[in-house]
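Using the hints provided, position chain B with the ligands relative to the given structure of chain A.
There are 2 protein chains.
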Amino acid sequence: VPGAAHTNGGGTRVMIIGGDGYCGWATALHLSARGYNVQIVDNLVRRNYDLQLGLDTLTPIASAHDRVRKWGEVSGKHIDLQVGDICDWEFLSQTFQAFKPDAVVHFGEQRSAPYSMIDRQHAVYTQSNNVLGTINVLYAIKEFNPDCHMVKLGTMGEYGTPNIDIEEGYITITHNGRTDTLPYPKQAGSFYHLSKVHDSHNMHFAARAWKIPITDLNQGVVYGVRTEETMADRALINRYDYDGIFGTALNRFVVQAAVGHPLTVYGKGGQTRGFLDIRDTVRCIQIAIDNPPARGEQMRVFNQFTEQFSVNDLARIVTEEGKKLGLDVETISIPNPRVEAEEHYYNAKCSKLQELGLVPHLLQGSMIDSLLEFALEYKERVRPELIKPAVDWKKSGTAVATMSAAVAK
Amino acid sequence: VPGAAHTNGGGTRVMIIGGDGYCGWATALHLSARGYNVQIVDNLVRRNYDLQLGLDTLTPIASAHDRVRKWGEVSGKHIDLQVGDICDWEFLSQTFQAFKPDAVVHFGEQRSAPYSMIDRQHAVYTQSNNVLGTINVLYAIKEFNPDCHMVKLGTMGEYGTPNIDIEEGYITITHNGRTDTLPYPKQAGSFYHLSKVHDSHNMHFAARAWKIPITDLNQGVVYGVRTEETMADRALINRYDYDGIFGTALNRFVVQAAVGHPLTVYGKGGQTRGFLDIRDTVRCIQIAIDNPPARGEQMRVFNQFTEQFSVNDLARIVTEEGKKLGLDVETISIPNPRVEAEEHYYNAKCSKLQELGLVPHLLQGSMIDSLLEFALEYKERVRPELIKPAVDWKKSGTAVATMSAAVAK
Ligand SMILES: NC(=O)c1ccc[n+]([C@@H]2O[C@H](COP(=O)([O-])OP(=O)(O)OC[C@H]3O[C@@H](n4cnc5c(N)ncnc54)[C@H](O)[C@@H]3O)[C@@H](O)[C@H]2O)c1
Ligand SMILES: NC(=O)c1ccc[n+]([C@@H]2O[C@H](COP(=O)([O-])OP(=O)(O)OC[C@H]3O[C@@H](n4cnc5c(N)ncnc54)[C@H](O)[C@@H]3O)[C@@H](O)[C@H]2O)c1
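Listed in order, the protein sequences are those of chains A and B.
Residue numbering for the first sequence follows my numbering, starting at 15 and increasing by one per position.
Residue numbering for the second sequence follows my numbering, starting at 15 and increasing by one per position.
Isolated chain A, as found in the complex (with noise of 0.2 Å):
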């Protein structure tokens, strides 16, 4: 039985806004595994963003309502299920009023560059959605309790790529002579990204004027789809995307691999990102919630992932591995749909989930195997034409791009 042997959670009630994502899933699984006592607060939207576009995960998903009934069964732990949108205030301050969280998780966004960009009206929907659903939640948690811990899931992306290392949220300038240390600069390549930068200056603000407890999670790019618990029966397996608008690179090129499609680099290759492993992912939350900031400390941050690597880097480890398992791996550069620099210095600082206790899982031999292997079995779902980039930074339009439109061509 997952979650048998821990009990650290000891009841902490914890709302997880987007509980029903990737990350969201995999997260409230681990901590009602341990102790935690979980809600899902999520509007489904995610699924109904594949509907529209013609997209699927690659592993068949069960539905929201199956998947927490399958975990109760499985596991003997209730998780307790709220269908409903975030910018929906009546609904969200009546959950929360009822739930009475001593922490929220908030997952419950928008996130996929790409999609951002399809056109305005998706840069509109994008931060509309992500914006002023975090400002509802910072609202909730002031007026119904103070004390609750807000753990947000911001972006490495914020950052951009400065010609300087990026520390974790805040940076000591000296400046003819005086001293600060302020907001590290953001430079978002999307408004996607964008929307992550005005969440941070909010909940900033929330933290000074109202003494919020805080923490905004700049979170690398994720890999990977097993964790302990989403695989201990095929309903509650997470989802996993692979296509040009939700998937993102590492787990893109595994499914390349194992199509037998050439793994499709944008431009140089050069650009260089922060990447984690799903089981890593969960466990930063997890350790965010066991140490939240004292009220009226500023707005927590830290960088959360484990590794750096360029898309050549990717690129090249996951055609090593796909060697040992006998699959014959090419590579070709594709026009790079974004606007971004393809070749440039990056160093970005990690370390204090680490010294909070995350202990890295790295991106080595096995988890691309597993990865691999995961792909392969689930070959005959993949749909190869919808991995190509569909959506181009300079062509974002006003033209409604009709959803099959922004894929399909």
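Honestly, I wouldn't trust all of these hints.
Same chains, same names: a pair is fine if it fits in one copy or spans any two.
What the hints assert, rightly or not - Restricting the straight-line Cα-Cα distance to at most 30 Å, the calculated cross-link-like pairs of lysine-lysine (DSSO-like) are:
1. Lys114 / Lys409
2. Lys408 / Lys114
3. Lys282 / Lys225
4. Lys225 / Lys156
5. Lys84 / Lys409
These aren't lab readings, by the way, just hints derived from the structure by calculation.
Keep in mind the model is a prediction, meaning the values are calculated, not measured.
Leaving out everything else, chain B with the ligands in the frame of chain A:
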């Protein structure tokens, strides 16, 4: 005839979003007088806030339609008036395509910090109106005329009160032996000020991704009401806000002095900010229009103010000038409704606009004199009960503060 002697606009087509407001109206006439082809776009929501809250400008202002008509009579120049909301994409896109502006001056936002802090609904409205409206303007330019120069009003309040000098938009940081010039860190103090921070980040991205020429003007607190053109006829007079929601510090003090009400300093009064005369606002906008950045150039940022004062400085100046007019001016400290440092370092740069030709009107005796005389002239319209702070940052909540309740209690 105002403007008869000026033709330097050369027919440049300028769309002024928010052109019925305080800064926008003065700017529209200033540019029209100087040979620019001006269109005002405004949904008149600012007049509606006054109706909802039971507030009114000190000066009786004519309707938007009447003042534009009167300007035509007085000057012989036509200003096109389009009443509509820039958050309404159908309206904005059709208006933009029909007028074909060479430059868009974007004043059209909810601009009061207290208004944004009334309650959750006003916070959400402010960020939604401001951030989404600005995204629409960016897309309009990108799609219909990417050479069109966007001149956007930001605020000095975006920077907060860091313990180091405030540069104009960007700061060069040397860190761990490497150097980069990055967007200046932002620490805004209300949901209104934060909306401007979000705009700045979105625009910085659009300038990079789409090579749109953009100038972001971080304006200080504006004072004064007379410009050459708005004084040419009673029907052209500008608005003058002195209430606790929309009145800015100096304008408020002057009215208090005129009606014999003590000047109300929030807290210790050491809060220091940048200030400028409305006659310099209109000049700054003209200078920005006449000096567009090249396409592909980084977003240009100017700090638009001329002098720094603390709140105590302002109270002292108004007291001294009041005495000369025989007024007995008292100052009292009242509890600060905001969350802000009341004693802090403040040294902000403002040289770039002056390098381009701005010759500042300084806040000296004659300016305050004329403001005081003005306030005395309209004294019978003052409602002193509207001056006190009506919104408390710490009490901003989720219980709906009805409009009248926000002010009248
Ligand atoms: N996956 C990554 O590699 C990655 C990297 C960095 C940061 N993040 C961040 O982590 C969070 C989770 O990412 P994910 O990959 O699990 O995304 P996901 O799309 O799989 O999950 C997000 C969930 O939030 C829900 N949601 C969206 N808007 C909502 C609203 N208004 N009300 C209620 N629910 C709403 C969706 O239905 C979905 O189930 C996101 O905030 C994302 O930006 C993810
Ligand atoms: N007044 C100051 O001291 C000051 C200081 C710094 C910055 N600013 C900035 O300068 C700009 C103008 O300030 P102001 O004092 O003239 O404000 P104002 O409220 O008098 O004028 C703003 C105008 O914009 C219009 N507007 C608002 N939302 C709109 C929308 N969605 N569509 C169309 N029109 C809309 C309003 O009706 C109003 O006429 C604002 O962006 C403000 O933030 C002002």
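A quick look at each hint next to the structure:
1. Taking identical chains as interchangeable, the C-alpha atoms of Lys114 and Lys409 lie at most 30 Å apart only when they sit on different chains, with a minimum of 21 Å there against 45 Å within one chain.
2. Taking the shortest alpha-carbon separations for Lys408 and Lys114, only the inter-copy value of 22 Å comes in at or below 30 Å, while the best intra-copy value is 45 Å.
3. Taking CA atoms no more than 30 Å apart as the test, Lys282 paired with Lys225 passes between copies only; the shortest distance there is 22 Å, against 45 Å inside one copy.
4. Taking identical chains as interchangeable, the C-alpha atoms of Lys225 and Lys156 lie at most 30 Å apart only when both belong to the same chain, with a minimum of 9 Å there against 41 Å between chains.
5. Taking CA atoms no more than 30 Å apart as the test, Lys84 paired with Lys409 passes in neither setting, with 44 Å inside one copy and 44 Å between copies.
Checked against the numbered hints listed earlier, the structure breaks hint 5 alone; every other hint is satisfied.
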